[in-house]
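*Asks:* Chains as they are written, first to last, in this note's numbering: chain A, 1 to 214; chain Y, 1 to 214.
None of these hints come from the bench; they were simulated from the model.
Computed from a predicted model, the values in this text were never measured in an experiment.
A virtual CB, placed ideally from N, CA and C, is assigned to each residue, including glycine.
Check the hints yourself; a few may be wrong.
Stated by the list, open to error - Facing chain Y, according to a computed beta carbon distance under 8 Å, are these residues of chain A, among others:
1) Pro112
2) Pro115
3) Val172
4) Leu176
5) Gly178
6) Phe184
7) Leu191
8) Pro192
9) Leu194
10) Arg196
11) Glu201
12) Leu208
13) Tyr210
2 protein chains.
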Amino acid sequence: MALTFEITVTLDGFVTGPDPNLEQPLGAGGEALHEWIFGLRSWRERHGREGGTAGPDSDLVAESLARTGAVIMGRRMFTGGDGPWEDDPNRDSWFGDDPPFRVPVFVLTHHPREPEIKQGGTTYTFVTDGIEAALEQARAAAGDKDVAIAGGPNVMQQYLRAGLLDELELHVVPLLMGDGVRLFDGLGPDLPKLERTRVLEGDAVAHLRYRVVR
Amino acid sequence: MALTFEITVTLDGFVTGPDPNLEQPLGAGGEALHEWIFGLRSWRERHGREGGTAGPDSDLVAESLARTGAVIMGRRMFTGGDGPWEDDPNRDSWFGDDPPFRVPVFVLTHHPREPEIKQGGTTYTFVTDGIEAALEQARAAAGDKDVAIAGGPNVMQQYLRAGLLDELELHVVPLLMGDGVRLFDGLGPDLPKLERTRVLEGDAVAHLRYRVVR
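Work out the full structure, taking the sequences as your base and the hints as a guide.
*Replies:* Set out below in structure tokens:
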């Protein structure tokens, strides 16, 4: 029943490359951040692909997928856009007709939109009355599983500031990015306290898990 | 015979708090970064104190001290000042008559100064002809042990850019600092490639070690 957030971060603290946009949603060079995950057996299985590498990284992703009963994401994470849906060139989202979530997804937006049912168990519900309302709906949908914030960093920060985030996991990749979006930038004063709860050594990635202390 | 650098870093990437100065060399709130080390048995022993906690963190510090045969540091790391030595109010350095290094220390400076011999095996040699000359002298002094860069970040970056750094270890503490000096800021283009070589889970700190790939 925890509210969780996990993200891949470079050694110099970036979660995207510079200048993210519709063509490069992860910014210039940002794909390199996520290369560690594309070859994992558990990730490939979730995306309908064969093969891949077993091991601690794959096990970690499998565990994360298994414990997640609902997902919350921001509008920009969903399409890269903002404003009215009819003006959004990517209004059908990045994730296609058979999205990898396979659980109810709650999209934070200022613009109402009818729910959608996709293949494989993914549903999209568009929530216009704020982060607490989205969390309430997501918790109800998740049952006894966790709710995962899929991003972006701004949405994570909103939940962290509101004292609603329970767990944070950083997948630290051995890369220097030099420029881009930083996970914790602009978090403001009254910084939350964290307690390290787990360190896992993956093949190239270090997985650092923290509990938010309240 | 490796050239190494290790430093404590917050989860949001800072190695000092904001506004480091003579009164607060680690910046506002920066002492909190290093609290993990003050209670360790190996650190206390090196600083002439009794007691302390054994365990993986203490072992890691002991290993690091044992393998270090010489130290390189920047002028600001040494006194917090710059310019001619006679105008530096902290010209005798932060480290007192019995410094914890107990090996030859090479201080990078633009201002010549006679070498000094302190208690316990620490000597200070002031190097005015650049980072490569300092490294050459430090290697000769270290024998078959490693040379450690004691900081600051700017000195580490100079060695990293010059292709001279072999190993980098980050001690990641479960703190958010919000503002301060970042380890990798201003490193510029041509970012080096790193390979993760070790992850150690300490009591509260995650220790991430990288090899610089050349």
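*Asks:* Does each hint hold? Answer for all of them.
*Replies:* Comparing the hints with the structure gives:
1. Interface restraint check: A:Pro112 against chain Y, minimum CB-CB distance 35 Å, threshold 8 Å, status violated.
2. For A:Pro115, the interface hint is violated, the least distance from its beta-carbon to any beta-carbon of chain Y being 36 Å, above 8 Å.
3. Hint status for A:Val172 relative to chain Y: holds, with the closest Cβ pair at about 7 Å, below 8 Å.
4. At about 4 Å, the closest approach between the beta carbon of A:Leu176 and any beta carbon in chain Y falls short of 8 Å, and the interface hint on this residue holds.
5. About 5 Å separates the beta-carbon of A:Gly178 from the nearest beta-carbon of chain Y, less than 8 Å, and the hint is met.
6. Hint status for A:Phe184: holds, given a least beta-carbon distance of 4 Å to chain Y, under 8 Å.
7. With a cut of 8 Å, the hint placing A:Leu191 at the interface with chain Y holds, because the nearest CB-to-CB distance is about 4 Å.
8. A cut of 8 Å between beta carbons decides the hint on A:Pro192: the least distance to chain Y is about 7 Å, and the hint holds.
9. For the restraint placing A:Leu194 at the interface with chain Y, the shortest Cβ-Cβ distance is roughly 4 Å, inside the 8 Å limit, so the hint holds.
10. Given the 8 Å rule on beta carbons, the hint for A:Arg196 holds: about 5 Å separates it from the nearest Cβ of chain Y.
11. At about 4 Å, the closest approach between the beta carbon of A:Glu201 and any beta carbon in chain Y falls short of 8 Å, and the interface hint on this residue holds.
12. The beta carbon of A:Leu208 is positioned within 8 Å of a beta carbon in chain Y (closest approach about 5 Å), and the interface hint is therefore held.
13. At its closest, the beta carbon of A:Tyr210 sits 6 Å from a beta carbon of chain Y; the interface hint therefore holds under the 8 Å criterion.
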